[in-house]
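Heads up: the sequence lines are chains G and Y, in that order. When we follow the numbering used here, the leftmost residue of the first sequence carries the number 6, and every step to the right adds one. When we follow the numbering used here, the leftmost residue of the second sequence carries the number 6, and every step to the right adds one.
Since the hints were derived computationally from the structure, they do not count as laboratory data. Possibly wrong hints are sitting among the right ones.
One copy or two, it doesn't matter: identical chains are merged, so the pair holds either way.
Claimed, not checked - Lysine to aspartate or glutamate pairs mimicking EDC-like chemistry, simulated, CA-CA at most 16 Å apart:
#  : residue 1 : residue 2
1  : LYS335    : GLU599
2  : LYS261    : GLU67
3  : LYS260    : GLU67
4  : LYS550    : ASP22
5  : LYS28     : GLU558
6  : LYS28     : ASP15
7  : LYS261    : ASP37
8  : LYS88     : ASP152
9  : LYS334    : ASP177
10 : LYS184    : ASP22
11 : LYS335    : ASP103
12 : LYS184    : ASP81
13 : LYS562    : ASP275
14 : LYS52     : GLU428
15 : LYS389    : GLU549
16 : LYS151    : GLU337
17 : LYS88     : GLU226
18 : LYS389    : GLU211
19 : LYS184    : GLU140
20 : LYS493    : ASP477
Every value quoted in this text rests on a predicted model; they were computed, and no experiment measured them.
Protein chains: 2
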Amino acid sequence: MTIYNAPIQDHMFMMFDVLGVDKHSNIPGFEDLTPDLTNAVLEEAGKLASEVLHPLNQSGDEQGCTWDNGVVTTPDGFKEAYKLYCQSGWQSLTSSPDYGGQGLPQTLGLAVSEMMIASNWGFGMYPGLTKGATEAIAAHASDELKDTYLPKMMSGEWSGTMNLTEPHCGTDLGLLRTKAEPQGDGTFKVTGTKIFISAGEHDLTENIIHLVLAKIPGGPEGSRGISLFIVPKFILDADGNPGERNGVSCGSLEKKMGIHSNSTCVMNYDDAVGYLVGEEHKGLLAMFTMMNEARLGVGMQGLAIAEVAYQNAAVYTNERLQGRAISGKKNEDGPADPIIVHPDVRRMMMTSRAFTEGARGLALWMGLQVDLLQRHPDEDVREKAEDLVGLLTPVIKAYFTDMGVEVTSLSQQCYGGHGYIREHGMEQFARDARIAPIYEGTNGIQAMDLVGRKLGAKNGAAVQAFMALVQDNVAANADNDQLAPLAKGLGNALQHLQQATMWMMQNGMTNPDNAGAGAVDYLRIMALVGMGHVWLMQAQTAAEKLAEGGANEPYMKNKLITARFFFERMLPDTIAHLAKLEAGAESTMALKAEAF
Amino acid sequence: MTIYNAPIQDHMFMMFDVLGVDKHSNIPGFEDLTPDLTNAVLEEAGKLASEVLHPLNQSGDEQGCTWDNGVVTTPDGFKEAYKLYCQSGWQSLTSSPDYGGQGLPQTLGLAVSEMMIASNWGFGMYPGLTKGATEAIAAHASDELKDTYLPKMMSGEWSGTMNLTEPHCGTDLGLLRTKAEPQGDGTFKVTGTKIFISAGEHDLTENIIHLVLAKIPGGPEGSRGISLFIVPKFILDADGNPGERNGVSCGSLEKKMGIHSNSTCVMNYDDAVGYLVGEEHKGLLAMFTMMNEARLGVGMQGLAIAEVAYQNAAVYTNERLQGRAISGKKNEDGPADPIIVHPDVRRMMMTSRAFTEGARGLALWMGLQVDLLQRHPDEDVREKAEDLVGLLTPVIKAYFTDMGVEVTSLSQQCYGGHGYIREHGMEQFARDARIAPIYEGTNGIQAMDLVGRKLGAKNGAAVQAFMALVQDNVAANADNDQLAPLAKGLGNALQHLQQATMWMMQNGMTNPDNAGAGAVDYLRIMALVGMGHVWLMQAQTAAEKLAEGGANEPYMKNKLITARFFFERMLPDTIAHLAKLEAGAESTMALKAEAF
């Protein structure tokens, strides 16, 4: 019953008109990134998403994954769709050409991944996890392990997983109990139980390459004694093909609120053969590589679910006839007007739209920073990009996923009672969306990462650089009649960010609870400023395009309207967040624990 | 796996210490409302809720209702629980003694209903709908119909339903197609299809009394031609007992996001015998009686689900060991500290608590107003109470249910990944909570009711009276050292409400879209002011009790802390809502409908 159409025009506008990715042809992978090629890639991806993956979304939710004596079966159609996905080259799109990847920019990869997730979140997680695992292996494993595993993982022939969580530990990985005993031959025997392992077992690939955090006996206590291992489902034979079954199995599947088509597994490791990735006891560092990538990916899930929910609400609110516009009938011959005429329905739809278009802009801007940090020849450029990516990754993860829940809920609300009924599909979006603020580090953890780690790094260089960028943007548009109101709004929000940053520096040091209690408000201010920054960039470009009088006039006009909505109706939240943050931790922390 | 404990201490504090309900012994039903009696009633209700209803909550969700050829079966245990519920007199608690009710105050009834819903929402809807139906019959039906139906409905022997929605119309009831043909003998034959009928068919009672909106042919067009009918499932025989089956049947059950244990029915009426309630074509007015009561009831659902979710999160955050407090170890001998030590977990828990305790206060204050309007001997008092109830009913419905979703989500978030897994029960709360902002008039409709109808009624007398009450409260506490900061915060928020009201009066008249586009922000400002008003009352009482040096010192201290949290961390949102509202409708309305 639901629909999905890839928002290619918006991707193209952001990538070429706003960000000018084609000016970066000196960077590896960008050489051939012409508008024509990009458009063709996005069209193909959109076709797969709309025609193959999306039709499996509701049936995948209804059917879910099934477990039978350790064997996990994905919903009908998933195997065929996955095969097509890999054969069409989507798995290897941005991966390193050294191992058979196509080496295209991450910016493009993010645009494509938005489509895959939006059309079918549960499906999209399978290739997404493989991608994260390949990045960690590529960054930290020995050449031998890379040569052995990366080509087949990058092609999608084998899939990958991340094994962090155990029943008694999620955030606090120092507590983990899974053990890895060295066998003297360079291999280890891994034993323990991992939970919440997405795509831990399934029928899509002939092998599954688990990345497992475990402790080597005798190592340091806590999180400094964690190592990372490759544990394949099937041990490779001498020719590098899956051979003997390893000592790892799926004990059960979790029953979840949503993402039913993705298997969430309890994984039992019992003397499973494992291969050390990177150095002993440095596993957490290696896992962080994977997590940064994964956190941006989870942020994309928030955007993607918001987009598909919005698209369906757009259809429904144009079709559903109910009541009359307060400003006078709009559908004279019909029994009632479509509900999109009602201002409060508009408010919900415009909020959704201002989020998705702004978030898409911010995501692609971030994608470009990731490409710069990974590939740019100039070390200075790489370092600046790395600072921005480090700073904004937790912001994007948390804000996008909170808003994914929010926008999905607004879209569901537009359906009235029909939004609560399964057949319309909106309640599935709401159930699916809810995992993203939880996994890959809860959004509270993201806020602590921002405030506790990223803010103070290099004496605050990253946040200062970010605020300077925004300040330049404000200054550049302050004298333009059309854009000045937006620039002024962004300037105000920036001032709130500056004030909040100062407050954090002063009060977070003297009492760390102040930093903790205000972290989520601080993150939200930064997110809104980031969104405002990218919205002003988009508005500036749209105004220029309109002045040039080119094609796409309605699109550019709508951009300017939506930008204005963002500044008028969403950005003002910064002032309330600042007030809450500046209240400090006292009333938050005063109650005794047992009083709750 | 989940727990529920009735928050009786908080109910007692609000009813007796803050509201002084025992001072109203001149009002019928309040004569015997001593603290002892009230406490005994609440203890009994809490026992039923915790020991009988709550154990059926998760199993009821898993099992759901089943439909077999028109026969609907409720989950295991519901029949027995319902019997006990009625036999213990809970159904008739506040109903009129003229028909066998106990006539106790609505204030007490609201406290009890919070418990029943919190422990088992799906169950609580069955008696809740009956209660709403009895109110409509009592207010509008002929004496003969009242004598015939009310005694057995008030005892719970028969249940009741509301039949408004049809496939093509929900909010816009003027479009409805169900027909009622007069038979010349005073009865009508009702034909049509109704959807989303909660408790439309089930196995709990020997008869179901449907209240059905239908059109009598030849009547006025639109909503002015709607009449209300009683359509019993079984037509009564000469002795008043259920006899012949009427022409009404349940065609199917909806598959929903949540509230699985309540049957949501498609009801087919086929020449069903119906009895007119009130006058021809005045059905909407009669239905509104039922809806006001129902809207307050739905608001209570928002509070109730927030309370039970919070209670479970309180247990979990005290038990789950993860990480160390940033201010130093709290659980020296354990492997980690309970997560309640972390400031962001505190933020979520305090937000939840500040909502539930504030909302409980506001609800009971409203309950008292309902009692005053229904029962007070003085007409002036009745009128003032009626104005406040009319003004604040949509505010409570919308704010409480939005916050029900929000707080349930915060509690779920405290569980991390475990919050997404079915067995822990948090995701059920989240799924159940989501219906409340939708049914009984979406929250957008509540905002329109507030801004379009309630605000301007009697030249704004109601809103002026409300603001004067709050102003008095601010003034009374402005010079108290301990309470002055809270009074100042409430004063600021009140100023925002005054400014927003002025803006609405000026700009909503010239362009009604301005009123529509800002309605939700306006409602939220009023809700926060209402919460602040009741929080300041609670804080004042707690400060007095502490000064007196009586018992319950920790409880009173916690009240003051939680009050402070509300003023510091939740009330500041009014400033952002005001800014959004004052932006006006332009950017909200500018896009063409087809551009979405």
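Going down the list of hints, with the structure as the test:
Within a single copy, LYS335 and GLU599 get their C-alpha atoms only as close as 58 Å, which misses the 16 Å cut-off; across copies the closest is 13 Å, which meets it. In this homomeric assembly, LYS261 and GLU67 come within 16 Å of each other (Cα to Cα) both inside a single copy, at 12 Å, and across copies, at 12 Å. When the C-alpha separation of LYS260 and GLU67 is checked against a cutoff of 16 Å, the pair qualifies both within a copy, at 13 Å, and between copies, at 11 Å. When the C-alpha separation of LYS550 and ASP22 is checked against a cutoff of 16 Å, the pair qualifies only within one copy, where the shortest distance is 9 Å, while the shortest distance between copies is 66 Å.
For the identical chains of this complex, LYS28 and GLU558 are neighbours neither inside a copy (24 Å) nor across copies (68 Å), given an alpha-carbon limit of 16 Å. In this assembly of identical chains, LYS28 and ASP15 lie within 16 Å of each other by CA distance neither inside one copy nor across copies; the values are 19 Å within and 64 Å between. Taking CA atoms no more than 16 Å apart as the test, LYS261 paired with ASP37 passes in neither setting, with 43 Å inside one copy and 49 Å between copies. Proximity of LYS88 to ASP152 under the C-alpha cut-off of 16 Å is found in neither arrangement, the shortest distances being 23 Å within a copy and 69 Å between copies.
Taking the closest pair of Cα atoms, LYS334 and ASP177 come within 16 Å of each other only across two copies (14 Å); inside a single copy the shortest separation is 59 Å, beyond that limit. For the homomeric pair LYS184 and ASP22, neither the shortest alpha-carbon distance inside one copy (52 Å) nor that between copies (58 Å) is at most 16 Å. In the homo-oligomer, the alpha carbons of LYS335 and ASP103 never lie at most 16 Å apart, since the shortest distance is 59 Å inside one protomer and 50 Å across protomers. Taking CA atoms no more than 16 Å apart as the test, LYS184 paired with ASP81 passes in neither setting, with 37 Å inside one copy and 45 Å between copies.
When the C-alpha separation of LYS562 and ASP275 is checked against a cutoff of 16 Å, the pair qualifies neither within a copy, at 61 Å, nor between copies, at 53 Å. In this homomeric assembly, LYS52 and GLU428 never come within 16 Å of each other (Cα to Cα): the closest approach is 24 Å inside a single copy and 38 Å across copies. Proximity of LYS389 and GLU549 under a CA criterion of 16 Å is satisfied in neither setting, with 28 Å inside one chain copy and 58 Å between copies. Proximity of LYS151 and GLU337 under a CA criterion of 16 Å is satisfied in neither setting, with 67 Å inside one chain copy and 43 Å between copies.
With identical chains, the CA atoms of LYS88 and GLU226 are never at most 16 Å apart, being 43 Å at best within one copy and 58 Å at best between copies. In this assembly of identical chains, the alpha carbons of LYS389 and GLU211 never lie at most 16 Å apart, being 41 Å within a copy and 74 Å across copies at closest. Taking CA atoms no more than 16 Å apart as the test, LYS184 paired with GLU140 passes in neither setting, with 24 Å inside one copy and 65 Å between copies. For the homomeric pair LYS493 and ASP477, the shortest alpha-carbon distance inside one copy (12 Å) is at most 16 Å, but the shortest distance between copies (38 Å) is not.
Comparing the model with each numbered hint stated earlier shows that hints 5, 6, 7, 8, 10, 11, 12, 13, 14, 15, 16, 17, 18, 19 do not hold.
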